[in-house]
Every structure is written in C-alpha cells, then in structure tokens.
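Undergrad: These are the residues of each chain, in order.
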Amino acid sequence: MSIDIETARRVAHLARIEVAEADLAALATELSGILGFMEQLNAVDVSGVEPMTSVTPMTLALRADVVTEGDIRDQVLANAPDARAGFFTVPKVVE
Amino acid sequence: MPELNALTIAAARDGLRDGAFTAAELTEGCLNAIEAAAPLNAFSTVTADRARTQAAAADARLRQGEAPDLCGVPLGIKDLFCTEGTPAQAASNILEGFRPPYESTVTARLWERGAVCLGKLNMDEFAMGSSNETSAYGPVVSPWRRAGETARLTPGGSSGGSAAAVAADLCLGATGTDTGGSIRQPAAFTGIVGVKPTYGRCSRWGIIAFASSLDQAGPMARTVTDAAILLSAMAGHDAKDSTSPDLPVPDFAKALRGDLRGRRIGIPREYRVEGMPSEIEALWERGAEMLRDAGAEIVEISLPHTKYALPAYYVIAPAEASSNLARYDGVRYGHRARIGAQEGITELYERTRAEGFGKEVQRRIMIGAYVLSAGFYDAYYLRAQKVRALIKRDFDETFAAGIDAILTPATPSAAFELGALADADPVQMYLNDVFTVTVNLAGLPGVSVPAGLDPCGLPLGLQIIGRPWDEEGMLDAAFALERACAFDAKAAKWW
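Same order as they appear, the protein sequences are chains A and B.
Read in order, the letters of the first sequence correspond to residues 2 to 96 in this note's numbering.
Read in order, the letters of the second sequence correspond to residues 56 to 550 in this note's numbering.
Heads up, some of the hints might be wrong.
Label pairs and their in silico Cβ distance ranges [said to hold, decoys possible]:
1. E204(B) to L63(A): 53 to 61 Å
2. G193(B) to P52(A): 49 to 57 Å
3. L63(A) to E410(B): 40 to 48 Å
Think of the hints as simulated: they come from the structure by calculation, not from any bench.
Since this is a predicted model, take the numbers as computed values, not measurements.
Every residue gets a Cβ at the ideal spot worked out from N, C-alpha and C, and that includes glycine.
Looking at chain B on its own, in the form it has when it is part of the complex (with noise of 0.2 Å):
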C-alpha cells in the first residue's frame, strides 16, 4: 500500500470505513508530508490543530458508521477562501492579518461533511496570474522538473499551490478556483486533475472576488473519481450567493462509466493556434481517438469566436475585478499606510492600495478603471460584453447541433520555468489562458485531464468541455479519457 498521504480520496474513503487505518494517522501523514515539502511553498498556512481535532471528530464519526465520502480525507483549501479565524489573505499584502470571522459556503459543506483542514494553500494574488509568481507569498515551485534538470518549474496559476500540494501528495485533494483558467492549467502542469464547475454550481459567498461573473469554484485531485467525490460535496444551492440557482446536485462520482457510445465530442478547429508545439497537436489527436475508441463519434466543429476570447476577458475580467477590489481602502480590513499629518482620505487610500497591491494586480485595477471610464465605456466594456454574447453563442450552437462535449488540449505548452517571463510584456503571460478562458466566458463546465509527458517528462493535459450543467456528462468523458491515458506518471522527489 502506498503511504497514507499517496491515496486517493476513493482508496482512503475505504480504507477509513474498513478501519485500516484512522483519519488521525492520515491527517499525520498529511502534516509530516508538508513539513518535509517546505521548498515547494505551496502552504501558506497550516492549520494542524484544526486539522487533528477535526480528524478526531470524524474517526468518531466513523466508528459510528454511516460517515459521508469526505469524512477524514484531509484537504487543502486555496487561500481565496474565508476561513473562519484562519487567516484568509489571497496571498496579498493588502489583506494581511485578515482573519475571516465567517466560514465560506464551499469550506463549511465539506467540513460538514467531516473533511479534514490541512491549511491554506499558496496562489497568485487575489487570482490574478498564470503562474504563481505574483504571490505576497513567494512562487510556489512545482514538485515537476524537467528529466535531468534541477531548473525551477511552475506549477502554474493561479491555483498554483492546490496543483503543487495535491501533485506532490501532501493532501488528498484541495479547492480551487477558476476565473480564466487558473484550475485547469495547474492541474495540466502538475498532471492532476482540474474541474471548473458551470458557473453558479458551487457558491461564490465568502469567496474572495475577483471576478465576480468568471470567478467559480472546484475540485483539484489526482483522479476524475476524487474530483467527482469532492465536486459533489462542494456544489448545492446557496440563498447566499444570487447566482446559484436551486438545482438538485447529482451524486457525480456515480455517473463515470467510461461508456461513450451514442455521444458526439467536437474538435474545435479554431483550437488549432500557431506555434502550438507538435507534441500537444499530437496528444490532441491521440486523445480524440481513444474518446472513439470509447464509443463516441468524434466532429469537427467551428467556434468562430475564440481567437477574440482572450481580449475580452482582458477587459470584462479587470473591470469586474477594478470594482471588487475598491473595498480594500486601508479602512475595514488589512494594511494602512501611514499619512503624513497635512494628507487627508485620498492620501491614505492611495497609499494603502499602492502599497498593499503587487504589480499585476494594480495593473488590471487600472484596466479595468479605464475601460469603465466615460467615454471607453462602450468601446472597450460594453463592446467586450457583446463579443462575450457571440462567443456563448458559438457554443449555444454547437450544443443545439447535437454535440455532448468538446476536447481540446488544456494549455499551449507544458510548464515553464519561474521568472521566464518576468521581462515579457505581461500579454505573453495573458496567452496561457488561450484554451481555458473561452469556458469561463460562457459559464461551462470544463475539467482537465493528465494525458501524456512532454519529450522533457512534464506533465500535458486534455480539456473536455461540457453542456451547461452536464458535468456528469463531461467528467464521464473524463473519465474515459483517463482510463485510456492511464496516466500514472509522479514527479520525483527532490524536496
């Protein structure tokens, strides 16, 4: 048997009902691992006392019977959640010392359901990056390293430190969340697996925004049975958020069958970007065929408005992101800078927020103040929103015309090194997105599968897309899709 802190949530599930181990020793085995991996960084906070009492509570549970699937699986929870007295800080200065006196939705459903708090893991801040560099936390690094290299590797952003923890088996799973892309191109960097959930199937409330009509939460786990298990517990309606509608939550783990037959996968041509490198056409295509191999009819289909995805998001996701974050003003919460005695209320906020900001995140505040401002309102904000229409149209249609679900590759390239693009234009950093952001934009389901190594070992990912509220339909392809990768590559230990 592998070490405890290697299971997968099913295996762990079991081996707690079974009594072969105790959610206590699994949550030991969990704590040992973080300690042992601190050059990773994927931690910020480690809550090993909440997590002991918790695993205690749910060994109880246990001996009772009838415990739920998460009872005594120890989780990691990305710091853009509220934690109540956890400090909560969105790996930014300006909320430091911010200790959330409230439980977000997401976090209390699966403490409910007796899952154990590891701590709070590392990410870009407040969600904005593509590589976890831009943390007040310093860069997670990934546990991935190129064969023969001891460069420095992303684990991808901005749910950067879910990827690292859950790749490396320092918990069993971990939240995340996904505004453009920020689950499902970790996952693929660090060959685990991502889902982002259709908009409004987990609540946002106590979830710190970013962007508050892309920004959804989901499950980061090392297989598409584990993500299924931890989706179920975290969807559900909540009064609390207005944009959960009250739909029942399937059991999801119950749906994977790996039987495709009669279902029809589109192959998006516009997909097909320039400079993709050969081995990511490849695996594209190698993942098309065992999807028919499974029993579904593969399509070519047309979305004719992806190539216009990326700059609108660029201006939506920063106007929705320069309006959530005018809270932070030195007054409520976190850092205050000091005024001098003749400064008044602008002064203070001004300096708190240039203080407290990191560079990125000032950048997209000031986007976004541009692009709402009079006079660019129309021709950048509410020409971006119509572009966003004709793009969930594109899908609309293609769903309409018979087809499941869509496949298509999860990034443009396998993980790069920390700092690689610290001179680019921030844009360069902007086109990982190019696959992911489309999904956010129409509010779909999407999940990303390990599917195959580069020539240099690092881990590439598929991404299956699903119809609006049909993950059970999209993580069945998943599912298959595992199956036939068999996928079962770990990174080496270094650290």
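Just chain A, same shape as in the assembly (with noise of 0.2 Å):
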C-alpha cells in the first residue's frame, strides 16, 4: 500500500503534527517504506484466530467506586505551561 501527499496530510492532521507543505513528499516515502514492511502480514493465514487482547489471562480486578486521591488541584496545574486561577488554559475554542 504506498501512501500519497494527500494521504499523508491526513495521517498528519489526525496525529495532530504540523507538518510543513514542501515536507509532505517525503513523509509519504517514508510511511510507505514501513507500511511495505508491514505488507508480510498478509502472508500469514489468520482465519479462525481470535486477536489477542490481553498476554495474561486475568480477570480486572474492581474497587470501590470513591475517590483515592483528591483535592490536589495545585499539584495538578504545577506543570501546566500555562494555568490561571486554578485552570488549565486554551485557546478560545467557542465564538
């Protein structure tokens, strides 16, 4: 499966990176490289096998449904790039 400019500013968008225009050719070489890796996998017969979702067969274990840790709002924020009066902060993302 080779990749195009224009699939490869979608993969771009959808991992949220910029990447710049005259960038573009190049990254879809790349992709596609690795995908041709990845091609080998069509060579295996998989009908009939389940996909793994878990190494270890283990059942979750559940708690109690209460909060285990709590009212730390500061230590929170502390490494916030940017925190105002005790929230995150965004550009404005509502007209």
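Taking the hints as your guide, dock the two standalone chains into a single complex.
TA: Listed below in structure tokens is the structure:
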C-alpha cells in the first residue's frame, strides 16, 4: 500500500502533528516504506484466529467507586505551561 | 578490592553489612565516577543531594541491623520513570521542565528498600529507538570501543544510558524498560545482564507509557545475581496497575543454583536468520553446549511465526503509542508552542507536537494513527493482533511440550557506530529487535547474558526466554550460562 501526498497530509492531521507542505512528499515515501514492511503480515493465514487483547489471562480487579486521591489541584496544575486561577488554559474554542 | 563503584550489588551489600565501607563512601565513589564520565552522556540528571541524603539514611538503617539487600546501594534510573520532584522527560523536548509530583511504583519500592538514587539516565526519546540516537539529550556513547579504534559506538537502546552507566561502573545497577528489546539489546551491546520480566511482574504505574500492552520494567546489572536481587525489589502487585496480578514475588537470587539437570532447553530453528554473523552463530552453539554441560537436555524446536513478529510489532507498538502520546498537547505539561492571533487550538496542538517530538516519535505516532484509522484498522491493526496471538501460541505449544526455557542470540550483531544508520531506511534500525521482540509480543520473561567478545573485542550476548512467571527457572539457566562463559571483560577506560 503506497501512501500519496494527500494521505500523508491526512495522517499528519489525524496525529495532530504539523508538517510543512514541502515535507509531505518525503513523509509519504517514508511511511510507504514502513507500511511495505508490514505487508508481510498478509502472508499469514489468520482465519479463525481471535485477535489478542491481553497476554495474561486475568480478570480485571474491581474496586469501590470512590475517590482515592483528591484535593490536589495545585499539584495537577503545577506542570502546566499556562495555568490561571486554578484552570488549564487553551485558545478560545467557542465564538 | 576494586573501586567501590565497581563492586557488584552482592559484594556491596555484604561490605555494607560488615562495615567495610559506608553507603556514603560508596555513593561518593559513584558520584565521582559519574562526574568523570561526562563524555559518555549516560546521565541526564544527577541527583547528588538526594543521593547523599538517602545514603546517610541507609547508613543509619545499616547500623540498626536488619537492612534489606539494597540498603545503601546506589542505582541509576531510566528517565522514563517518574521520580518525585526530579525531572522526568523521557528524553523528549515535549516534556521539557516536567517534574512529576509523584513517584513510580517501581522506584518507590527501591527507595523503601534503602537504595540510593544517583540520578536519571539517558535513553531514546519515549523509548523509541535501538541506538540511543533519538534522545533530546544527544546520544549516549558506549564505554566500549573496537580494539585499536576510537570510533564512537552506540550502547544500544532504548535503555542506552542505563547500559552504559552500569558497564562503566557509574552505578551498581539501573532500571530499564523493555517494549521490544530495550533492556536486552543494550545489555548485550555493553556486556551486562538485562532482564525483561513477565508482562505484569513489575508495575507500570508512574512509568511514562510507550506501548502499554508490551512495556515492562526490569533490572540491568553486572551479574545475574545482582539482576535477581534488583528484580525481587522492583516486582510485586500494585493496585494502581490493573495488569499487575496479585502473585507472590520469589527471592529470585535464592533460585540460582546453575544445576540444569532434568531441564529441557529449546533451540528455535527460525532464529537462524539470514546474514547472521558467523561469530554469533558460533556463540549460540557454544551457549547450547554450556547448558548441556550444566545438565540440560538441548532440544531443537520450531516457532513458525517468528518472522512475522517484527512487522506485527511495528503495527501494534506505534498504534498504542499514537494513543498514549495523544496526551502531549501543550496544555497540561511540558512544551507549548506559540500560535498567531488568528490561530486556534488545532494549531496549538499540531505545532506543539511538531516542535516537541523528534522525528522517530513523529513517524511512529503517524504510523499508529494510520493503522488505527477507519478503513485500515482491520487490514493492519486487527490482523497484527491475530498474528500476535499466533506468535504467543507458538510459545504456549512449545512450553506445553515440556520445554523449560529457550536459548537464542540476543542481537543480530555487535554494537555499531553512532550515525551508522542515520541515512538508512528506518526499517534497518527496527531489525535490531529481531530476536527480542517476540518475547514482548508473547508477554514472556527474557534475559540477556554477556557470553563473549566478537573479533573486534566487542561484547555479544545470549538470550534465555522463560515460561510466563518462571523468572526463577530462566535466571537459573542464565546463571549456569554466566558461570560457564566466565565473561569478565570490561571496557578499557578512555573517558
């Protein structure tokens, strides 16, 4: 499966990574090469095989639905590049 | 007696308990060695004050008696582990300035047992790489050189700082993480022991996530005994990691006897890959003979889906990475790009991630986004998950047929020069993981043991793969191999 420039642009946007228009062709070639390597998987007969979801057969443990750690707002915000008045900030998203 | 920083953990433990030296002296020895080893670029942060405080506390505990094995033992911590108040950046610019307000479960267990934190160790960015060259801190340089040469070699990756620091005697042991071979490959390249435990053995809580179904923390040390001591401290149930089962943690060091009578060791024929250097083939055969001499029965086995492990891995790991790394958005922590007055949140996200992530990380996130996207999910991701099930089935059937452990080479070559693959297709770098990645896909334990030197004088490793949760049996086979190989080569000090 070869990736064209249009697909490369779409993938970059899906990944939320800005890629300059001039770099899209090289990116498309690179991604095509990696996907080409993955094409080998088409040679495997996977009919009737259940996809793996966990390497260890175990049931997830349940716990009471209660707060385990709370009242740490300042800690949560401490690493934010721009926190104000107890909130994270983002550019305006609603007009 | 060797320099204190060159001691094994077992020898340091005994010396500390006997009062031959103090944890403070041992710690100073390591801090001095670290300072003198700047050209290796192994440490990204040195926590000298924290180390001295912990060493003083360890000495007090030792004086009271009843100190645990690791009390007063100085360790290095891979930058992927969150360490309270100390930078944890995963060697990425996108986490610049991040200081976690919490401690990972694995490191918390080490400090509770009295270990001393020397600092954070360099690595490939977000553990994505096999040569340490994707690090935002610049590459780690291996303490090893080819005989008569000065070319800078890779220590391997992604736990390259951990490997170099242990091999160069900057610390007595280190933590690493292994998603596709990131503990075992650098251990093999630097002549040390690296253990990737069974998936779930060590809690992943507080370790910056790469591919959650494959990531596993483990010890890197100079001997199998040291690795066993470290593993007993790092492992254990943690309610904060839902994939960590509530199983008892054995005293792994007690299991080391090196007597393999009655044990059956498998040699998988599919690991004889094309283009494998003859010295690796010969080393593998010698390793099998050594295990036979220790009493094991050597059995040729078949793991028919081996050749599909790498392509399956390079679908699954990037898919999980694209999801895990979605959290780096310039809002909650780390780097945040500047945007223009007319730009909005999409530009903020996209520019932050373009500026903060290095090329290899970007590549993997995009591959992951592609294989998970509508229309391609079944063809790539779902198919890879089915192939993964077949790879695990190969191992299940082998173990069910009475094989106790499997012997393979650890890497397809010795360490290569930094920059050697700079212009190569990214897939060339991925091939480094060919012998290690199956273990992650199947959730098994694996250990790399230094077994010999190549004609240029560089270390080569052999890998023992164990049954799930049988690190004891696996480490015992590794111990037998270590004893028979008697590997005692050290990198000649040039730094």
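Undergrad: That 40 to 48 Å hint for L63(A) and E410(B) (C-beta), does it hold up?
TA: For E410(B) against L63(A), whose Cβ atoms are near 42 Å apart, the range 40 to 48 Å holds.
Undergrad: Go ahead and decide if the range 53 to 61 Å is satisfied by the Cβ distance of E204(B) to L63(A).
TA: With a Cβ separation near 59 Å, E204(B) and L63(A) satisfy 53 to 61 Å, so the hint holds.
Undergrad: Can you tell me whether the CB distance of G193(B) to P52(A) sits inside 49 to 57 Å?
TA: Since G193(B) and P52(A) have Cβ atoms about 40 Å apart, the given range 49 to 57 Å is violated.
Going down the numbered hints, you'll see the structure goes against just number 2.
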